[in-house]
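K.L.:
Sequence:
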Amino acid sequence: MATAKRVFNQIELNFWNVAIPLMSDTPELQKVGSYIGGLLTKYHQLPKLLRSIMWTTAGGLLGLAIGAFIGLLFR
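Read the sequence shown against the working numbering and you will find it ends at 112, with the numbers running on by one and no gaps.
Please note that the accuracy of each hint is not assured.
Stated by the list, open to error - No more than 20 Å apart at the CA atoms, straight line, and that leaves these computed lysine to aspartate or glutamate pairs for DMTMM-like:
hint, residue 1, residue 2
1, Lys85, Glu49
2, Lys68, Glu49
3, Lys79, Glu49
Quick caveat, the hints were computed from the structure, so don't treat them as lab data.
Sequences are here, hints too, so could you generate the full structure?
P.N.:
Structural data, given as structure tokens:
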């Protein structure tokens with residue numbers, strides 16, 4: 038879980054440093070950038086317990102999907 042958070046934080050950092058300046062050129066991309074930025078801001082305003090539940094649920098669903106895929110490969 039710590040690795041997933043580290044990866045997410047790195048992606049978020051790259052988003053703010055790279056994608057935002059690129060998106061400022063066109064109005065359509067500005068809308069997309071402000072939407073994603075708004076989601077990230079809302080994510081950081083969530084209580085820590087709720088964020089942990091979100092990460093746990095996402096990890097469980099990912100594990101389930103990987104397990105189903107492997108199950109389909111080796112049936």
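K.L.:
Please go over all the hints and tell whether each is borne out by the structure.
P.N.:
Outcome of the hint check:
| no. | hint | verdict |
| --- | --- | --- |
| 1 | Lys85 - Glu49 | holds (18 Å) |
| 2 | Lys68 - Glu49 | holds (17 Å) |
| 3 | Lys79 - Glu49 | holds (13 Å) |
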